[in-house]
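K.L.:
If you're matching positions, the sequence shown starts at 1 in full-length UniProt numbering and goes up one per residue.
FYI, nobody ran anything at the bench for these hints, they're computed from the structure.
Note that the structure is predicted; figures quoted are calculated from it, not measured.
Warning: the hint list may mix true and false statements.
[As the list claims (entries may be wrong)] Straight-line C-alpha distance at most 27 Å; calculated DSS-like pairs for lysine-lysine:
| id | residue 1 | residue 2 |
| --- | --- | --- |
| 1 | Lys188 | Lys166 |
| 2 | Lys174 | Lys188 |
| 3 | Lys166 | Lys215 |
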Amino acid sequence: MILPLTIDDLLIHSLWVIRLIISALCGCLIGYERSNRNKGAGVRTHAILALGSALIMLLSKYGFLDINEIDGSRVAAQIVSGVGFLGAGVIFVKNGNISGLTTAAGLWATSGVGMCIGAGMYDMGIVATLLLIGLQILFHRGFFLKLTQNSQTVHMEIYYEECALKDIQFVFKKCGIDIYSMKIENLKNKYMYIELEISFNQNFEKEYLLSEMMKKSYLKKIKYC
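I would like the entire structure built from these sequences, with the hints used as guidance.
P.N.:
Structure representation (C-alpha coordinates):
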(Lines of atoms letter the chains of each structure in order from A; the text may use other names.)
(Lines give C-alpha, C1' and ligand atoms only; values in the text may rest on other atoms or scores of the structure.)
Protein backbone atom coordinates (compact mmCIF):
# COMPACT_ATOMS: atom_id res chain seq x y z
CA MET A 1 0.00 0.00 0.00
CA ILE A 2 1.40 3.42 -1.02
CA LEU A 3 0.88 6.08 1.63
CA PRO A 4 0.02 9.63 0.46
CA LEU A 5 2.89 12.12 0.59
CA THR A 6 2.78 14.92 3.14
CA ILE A 7 3.75 18.50 2.35
CA ASP A 8 7.18 17.90 3.88
CA ASP A 9 7.62 14.80 1.73
CA LEU A 10 6.66 16.72 -1.40
CA LEU A 11 9.20 19.42 -0.53
CA ILE A 12 11.95 16.83 -0.07
CA HIS A 13 11.05 15.05 -3.31
CA SER A 14 11.05 18.34 -5.21
CA LEU A 15 14.58 19.01 -3.95
CA TRP A 16 15.60 15.59 -5.23
CA VAL A 17 14.14 16.41 -8.63
CA ILE A 18 16.11 19.67 -8.66
CA ARG A 19 19.29 17.68 -8.01
CA LEU A 20 18.52 15.43 -10.98
CA ILE A 21 17.92 18.45 -13.23
CA ILE A 22 21.15 20.18 -12.14
CA SER A 23 23.09 16.94 -12.69
CA ALA A 24 21.70 16.58 -16.20
CA LEU A 25 22.54 20.23 -16.99
CA CYS A 26 26.11 19.79 -15.77
CA GLY A 27 26.40 16.67 -17.91
CA CYS A 28 25.12 18.65 -20.91
CA LEU A 29 27.79 21.32 -20.41
CA ILE A 30 30.58 18.75 -20.25
CA GLY A 31 29.18 16.81 -23.20
CA TYR A 32 28.81 19.97 -25.28
CA GLU A 33 32.56 20.57 -25.12
CA ARG A 34 33.17 16.97 -26.24
CA SER A 35 30.63 17.10 -29.06
CA ASN A 36 32.25 20.29 -30.39
CA ARG A 37 35.37 18.21 -30.93
CA ASN A 38 33.33 15.51 -32.69
CA LYS A 39 33.88 12.91 -29.98
CA GLY A 40 31.77 9.77 -29.81
CA ALA A 41 30.46 10.53 -26.33
CA GLY A 42 28.65 13.86 -26.57
CA VAL A 43 25.85 15.76 -24.90
CA ARG A 44 23.39 12.89 -24.54
CA THR A 45 25.93 10.42 -23.16
CA HIS A 46 27.30 12.81 -20.55
CA ALA A 47 23.86 14.11 -19.55
CA ILE A 48 22.46 10.60 -19.09
CA LEU A 49 25.57 9.53 -17.18
CA ALA A 50 25.38 12.47 -14.77
CA LEU A 51 21.63 12.04 -14.35
CA GLY A 52 21.97 8.30 -13.73
CA SER A 53 24.77 8.81 -11.21
CA ALA A 54 22.69 11.37 -9.30
CA LEU A 55 19.68 9.07 -9.37
CA ILE A 56 21.65 6.12 -7.99
CA MET A 57 23.25 8.39 -5.39
CA LEU A 58 19.81 9.53 -4.23
CA LEU A 59 18.69 5.92 -4.04
CA SER A 60 21.80 4.98 -2.11
CA LYS A 61 21.46 7.84 0.35
CA TYR A 62 17.70 7.93 0.92
CA GLY A 63 16.23 4.72 -0.46
CA PHE A 64 16.97 2.50 2.54
CA LEU A 65 16.23 4.75 5.51
CA ASP A 66 13.51 2.38 6.68
CA ILE A 67 15.84 -0.65 6.72
CA ASN A 68 18.63 -0.53 9.27
CA GLU A 69 20.34 -3.74 8.15
CA ILE A 70 21.25 -2.42 4.68
CA ASP A 71 24.26 -0.23 3.95
CA GLY A 72 23.03 2.06 1.18
CA SER A 73 26.51 3.46 0.49
CA ARG A 74 27.44 0.17 -1.15
CA VAL A 75 25.00 0.99 -3.98
CA ALA A 76 26.76 4.29 -4.71
CA ALA A 77 30.14 2.57 -4.61
CA GLN A 78 29.17 0.48 -7.63
CA ILE A 79 28.88 3.61 -9.79
CA VAL A 80 32.66 4.06 -9.78
CA SER A 81 33.37 0.54 -11.03
CA GLY A 82 30.36 0.48 -13.37
CA VAL A 83 31.39 3.64 -15.21
CA GLY A 84 34.77 2.03 -15.85
CA PHE A 85 33.15 -0.39 -18.29
CA LEU A 86 31.38 2.49 -20.03
CA GLY A 87 34.63 4.44 -20.36
CA ALA A 88 36.40 1.41 -21.85
CA GLY A 89 33.92 1.53 -24.72
CA VAL A 90 35.24 4.88 -25.99
CA ILE A 91 38.94 3.95 -25.96
CA PHE A 92 40.35 2.82 -29.29
CA VAL A 93 43.78 1.74 -30.47
CA LYS A 94 44.47 2.33 -34.16
CA ASN A 95 47.83 2.18 -35.92
CA GLY A 96 49.57 2.21 -32.58
CA ASN A 97 47.81 5.39 -31.44
CA ILE A 98 45.47 5.46 -28.46
CA SER A 99 42.42 7.74 -28.63
CA GLY A 100 39.48 8.26 -26.33
CA LEU A 101 41.37 8.36 -23.02
CA THR A 102 40.38 11.95 -22.29
CA THR A 103 36.72 11.25 -23.07
CA ALA A 104 36.80 8.10 -20.90
CA ALA A 105 38.33 10.05 -18.01
CA GLY A 106 35.70 12.76 -18.57
CA LEU A 107 32.90 10.20 -18.34
CA TRP A 108 34.32 8.92 -15.07
CA ALA A 109 34.60 12.48 -13.69
CA THR A 110 31.08 13.28 -14.93
CA SER A 111 29.73 10.41 -12.85
CA GLY A 112 31.46 12.02 -9.86
CA VAL A 113 29.69 15.29 -10.65
CA GLY A 114 26.34 13.50 -10.65
CA MET A 115 27.17 11.75 -7.38
CA CYS A 116 28.12 15.05 -5.71
CA ILE A 117 24.90 16.76 -6.73
CA GLY A 118 22.85 13.68 -5.91
CA ALA A 119 24.34 13.79 -2.40
CA GLY A 120 23.42 17.47 -2.05
CA MET A 121 26.95 18.83 -2.57
CA TYR A 122 25.86 21.34 -5.21
CA ASP A 123 28.91 23.57 -4.93
CA MET A 124 31.36 20.70 -5.39
CA GLY A 125 29.47 19.32 -8.38
CA ILE A 126 29.18 22.68 -10.16
CA VAL A 127 32.82 23.64 -9.46
CA ALA A 128 33.96 20.21 -10.69
CA THR A 129 31.95 20.75 -13.89
CA LEU A 130 33.63 24.10 -14.57
CA LEU A 131 37.07 22.70 -13.76
CA LEU A 132 36.54 19.68 -16.01
CA ILE A 133 35.46 21.81 -18.97
CA GLY A 134 38.29 24.26 -18.33
CA LEU A 135 40.94 21.52 -18.23
CA GLN A 136 39.69 19.93 -21.44
CA ILE A 137 39.80 23.27 -23.26
CA LEU A 138 43.05 24.53 -21.70
CA PHE A 139 45.11 21.43 -22.41
CA HIS A 140 43.63 20.63 -25.81
CA ARG A 141 46.51 20.27 -28.24
CA GLY A 142 47.37 23.48 -30.01
CA PHE A 143 45.68 25.70 -27.41
CA PHE A 144 48.86 27.46 -26.26
CA LEU A 145 50.03 27.79 -29.85
CA LYS A 146 46.82 29.63 -30.66
CA LEU A 147 47.61 32.16 -27.95
CA THR A 148 50.97 33.06 -29.47
CA GLN A 149 50.41 32.59 -33.21
CA ASN A 150 47.80 33.17 -35.87
CA SER A 151 46.21 29.74 -35.81
CA GLN A 152 42.85 28.06 -35.94
CA THR A 153 41.18 24.70 -36.05
CA VAL A 154 39.46 23.63 -39.26
CA HIS A 155 36.84 20.87 -39.25
CA MET A 156 35.92 19.15 -42.48
CA GLU A 157 33.80 16.28 -43.67
CA ILE A 158 34.75 14.88 -47.04
CA TYR A 159 33.76 12.00 -49.27
CA TYR A 160 36.63 9.56 -49.53
CA GLU A 161 38.64 9.89 -52.72
CA GLU A 162 42.06 8.43 -53.34
CA CYS A 163 43.91 11.74 -53.64
CA ALA A 164 41.67 13.86 -51.40
CA LEU A 165 44.13 14.21 -48.50
CA LYS A 166 47.04 15.13 -50.75
CA ASP A 167 44.83 17.62 -52.56
CA ILE A 168 43.78 19.26 -49.26
CA GLN A 169 47.41 19.64 -48.24
CA PHE A 170 48.22 21.13 -51.66
CA VAL A 171 45.36 23.68 -51.42
CA PHE A 172 46.35 24.75 -47.89
CA LYS A 173 50.00 25.12 -48.91
CA LYS A 174 48.89 27.14 -51.93
CA CYS A 175 47.02 29.49 -49.58
CA GLY A 176 50.12 29.93 -47.41
CA ILE A 177 48.79 27.78 -44.57
CA ASP A 178 50.90 25.41 -42.48
CA ILE A 179 49.26 22.27 -41.13
CA TYR A 180 50.87 21.23 -37.85
CA SER A 181 48.29 18.65 -36.78
CA MET A 182 45.82 16.46 -38.66
CA LYS A 183 43.28 14.07 -37.14
CA ILE A 184 41.26 11.75 -39.36
CA GLU A 185 38.25 9.61 -38.46
CA ASN A 186 36.23 7.35 -40.75
CA LEU A 187 32.50 8.07 -40.80
CA LYS A 188 29.60 6.18 -42.39
CA ASN A 189 28.98 5.91 -46.14
CA LYS A 190 32.65 6.44 -47.07
CA TYR A 191 32.80 9.87 -45.46
CA MET A 192 35.76 11.05 -43.41
CA TYR A 193 36.04 13.63 -40.64
CA ILE A 194 39.23 15.71 -40.64
CA GLU A 195 40.39 18.07 -37.89
CA LEU A 196 43.26 20.35 -38.88
CA GLU A 197 45.31 22.59 -36.61
CA ILE A 198 46.68 25.31 -38.89
CA SER A 199 48.85 28.40 -38.65
CA PHE A 200 48.88 31.25 -41.17
CA ASN A 201 50.39 34.66 -41.90
CA GLN A 202 48.78 38.07 -41.49
CA ASN A 203 47.69 38.21 -45.14
CA PHE A 204 45.64 35.02 -44.94
CA GLU A 205 42.08 35.36 -46.27
CA LYS A 206 39.50 32.83 -45.13
CA GLU A 207 37.26 33.60 -48.09
CA TYR A 208 39.95 32.58 -50.55
CA LEU A 209 40.51 29.24 -48.83
CA LEU A 210 36.76 28.61 -48.70
CA SER A 211 36.34 29.44 -52.39
CA GLU A 212 39.16 27.04 -53.29
CA MET A 213 37.76 24.24 -51.12
CA MET A 214 34.19 24.69 -52.36
CA LYS A 215 35.42 23.78 -55.85
CA LYS A 216 36.29 20.29 -54.60
CA SER A 217 33.74 17.58 -55.34
CA TYR A 218 34.74 15.57 -52.28
CA LEU A 219 33.97 18.36 -49.77
CA LYS A 220 30.78 17.96 -47.76
CA LYS A 221 31.27 20.45 -44.89
CA ILE A 222 33.94 22.85 -43.63
CA LYS A 223 33.97 24.91 -40.42
CA TYR A 224 36.42 27.21 -38.63
CA CYS A 225 36.68 27.52 -34.86
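K.L.:
For a quick check of understanding: which of the numbered hints are violated here, in increasing order?
P.N.:
2
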